[in-house]
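Participant: Residue strings, one per chain:
Number of protein chains: 2
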Amino acid sequence: MTYCVGMMLDRGLVLMSDTRTNSGVDNISVFRKMYHWQVPGERMIAIMTAGNLATTQHVISQLEERTKAPADRHNCLLEAPTMFQVASLVGKLLAETIHEREHFNGEEGQGRFTASIIVAGQIKGMEPRLFMIYPEGNFIEASYDTPFFQIGETKYGRPIILRGYDRTMSFEDAVKLLMVSFDSTLKANLSVGLPLDLLVIEKDRFEPLHARRITAADPYFQQISSGWGEALKRAFYSLPDYSFEE
Amino acid sequence: MTYCVGMMLDRGLVLMSDTRTNSGVDNISVFRKMYHWQVPGERMIAIMTAGNLATTQHVISQLEERTKAPADRHNCLLEAPTMFQVASLVGKLLAETIHEREHFNGEEGQGRFTASIIVAGQIKGMEPRLFMIYPEGNFIEASYDTPFFQIGETKYGRPIILRGYDRTMSFEDAVKLLMVSFDSTLKANLSVGLPLDLLVIEKDRFEPLHARRITAADPYFQQISSGWGEALKRAFYSLPDYSFEE
Numbered sequence: 192m193t194y195c196v197g198m199m200l201d202r203g204l205v206l207m208s209d210t211r212t213n214s215g216v217d218n219i220s221v222f223r224k225m226y227h228w229q230v231p232g233e234r235m236i237a238i239m240t241a242g243n244l245a246t247t248q249h250v251i252s253q254l255e256e257r258t259k260a261p262a263d264r265h266n267c268l269l270e271a272p273t274m275f276q277v278a279s280l281v282g283k284l285l286a287e288t289i290h291e292r293e294h295f296n297g298e299e300g301q302g303r304f305t306a307s308i309i310v311a312g313q314i315k316g317m318e319p320r321l322f323m324i325y326p327e328g329n330f331i332e333a334s335y336d337t338p339f340f341q342i343g344e345t346k347y348g349r350p351i352i353l354r355g356y357d358r359t360m361s362f363e364d365a366v367k368l369l370m371v372s373f374d375s376t377l378k379a380n381l382s383v384g385l386p387l388d389l390l391v392i393e394k395d396r397f398e399p400l401h402a403r404r405i406t407a408a409d410p411y412f413q414q415i416s417s418g419w420g421e422a423l424k425r426a427f428y429s430l431p432d433y434s435f436e437e
Numbered sequence: 192m193t194y195c196v197g198m199m200l201d202r203g204l205v206l207m208s209d210t211r212t213n214s215g216v217d218n219i220s221v222f223r224k225m226y227h228w229q230v231p232g233e234r235m236i237a238i239m240t241a242g243n244l245a246t247t248q249h250v251i252s253q254l255e256e257r258t259k260a261p262a263d264r265h266n267c268l269l270e271a272p273t274m275f276q277v278a279s280l281v282g283k284l285l286a287e288t289i290h291e292r293e294h295f296n297g298e299e300g301q302g303r304f305t306a307s308i309i310v311a312g313q314i315k316g317m318e319p320r321l322f323m324i325y326p327e328g329n330f331i332e333a334s335y336d337t338p339f340f341q342i343g344e345t346k347y348g349r350p351i352i353l354r355g356y357d358r359t360m361s362f363e364d365a366v367k368l369l370m371v372s373f374d375s376t377l378k379a380n381l382s383v384g385l386p387l388d389l390l391v392i393e394k395d396r397f398e399p400l401h402a403r404r405i406t407a408a409d410p411y412f413q414q415i416s417s418g419w420g421e422a423l424k425r426a427f428y429s430l431p432d433y434s435f436e437e
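Protein sequences, first through last, are from chains A and B.
Using the working numbering, read the first sequence as starting at 192 and increasing by one per residue.
Using the working numbering, read the second sequence as starting at 192 and increasing by one per residue.
It is possible that part of the hints are untrue.
Heads up, the list lumps identical chains together, so a pair's fine if it works in one copy or across two of them.
What the hints assert, rightly or not - Each computed DSS-like pair below joins lysine-lysine, with the alpha-carbon atoms no more than 27 Å apart:
(1) Lys378 / Lys424
(2) Lys424 / Lys394
(3) Lys283 / Lys259
(4) Lys283 / Lys315
In short, the hints are calculated from the structure, not lab data.
Note that the structure is a prediction, hence the values are computed from the model and not measured.
Bound-form chain A, shown alone (with noise of 0.2 Å):
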């Protein structure tokens, strides 16, 4: 399993990743799911993915065109015009990929090889954008109405996002709320782990405002898992108490 969350704020974008694989709990490994690629002054864009790692692995050696001697590769998404195109070729390249390996693997290769892909950036005199891909290729672009995207295992994380979330809230406390997220992720879901990788793209910045791998030993991390626990307890306790008399 996997935990990435897109998040869109009127100041700009929000990534983070967590970096655990597995094959079994018996079998796991750290590998980036957080890719990024800039063109300073002119764009910035960022992938986050879930799901089988080497169909994931593959359609980034397809962007960055790796099938090609170093001098000869163009990343195609360093040329893509906008956003939109961005999102079609990852797209594009993700059903096929998938497409590819289910079919040489013929009824028993079905649904072994799936993926999902978040697509974050900003080409210059566009608006950020941010678009979940699904593994058939099409996709959906966040609005303010549904304004952050999450894939990999979504359900424990939700509710604190869902409350906690305003698009006018600071860089920081989306990183603060992410955290949160990401803590209560990791300690009901041993499939999703430690480090985190966290991406900051700031409108109109054209390259990373802040970028950085969170380990389990980031004192930071530490004092929010440590202490949301207790934080938890001090807003149950405020609520008004239940009472048996009706």
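Given chain A, work out where chain B should sit, using these hints.
Facilitator: Same frame as chain A, now just chain B:
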């Protein structure tokens, strides 16, 4: 879908279930999923069900021997000498009901008639017990390492129970905790719906301490539902702020 929780406390057992059944989002109904039986002064037994409604209603009917004329019926739950035997009996009826229906429908019946059951209760001279019964008829029992069971849509409402549960808590606090857990689930999954059924089984009482239906108009539930969002926000803002400085 469904959401039911059974929780073991030092002072007894607390059970809550929703009442929504659906066959597609365009076909929803209200059905009771919580049942209880008592022999005053001797035993108090409760069951909550998730899964195929025809399956679970059939199990309940079998337990109450509804195939017979009312005068000839013996509720075998009221005759089993221990809670372990109650759980075994429910497991046997559940597995047989599912197996029979799947077998009758051949390959296309596989998995369509499945269900899970929580059994809770106490028989005089023994401790209160809490079991989760699988569709295969086998079952597990709660202990103070894992003091609650959830069936149905378990994920949205799990983090708050993990953080808020304490075996020494009052029944009133446990009801509040379950209401918060149900509220988070109701807000995230349309297939879990009001009203809720609540049952509190006090140790050595052998009749319900408290049993009622909580509707959308319930003033306490409304207070929890609206207050929890604000309390969560206060909890969130009480945590230390993230800083982009390393």
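Participant: Each of the hints needs a verdict: does it hold here or not?
Facilitator: Okay, the hints, checked on the actual structure:
no.	hint	verdict
1	Lys378 / Lys424	both (16 Å within a copy, 20 Å between copies)
2	Lys424 / Lys394	between (37 Å within a copy, 26 Å between copies)
3	Lys283 / Lys259	within (20 Å within a copy, 62 Å between copies)
4	Lys283 / Lys315	within (24 Å within a copy, 65 Å between copies)
When held up to the earlier numbered hints, the structure conflicts with none and fits them all.
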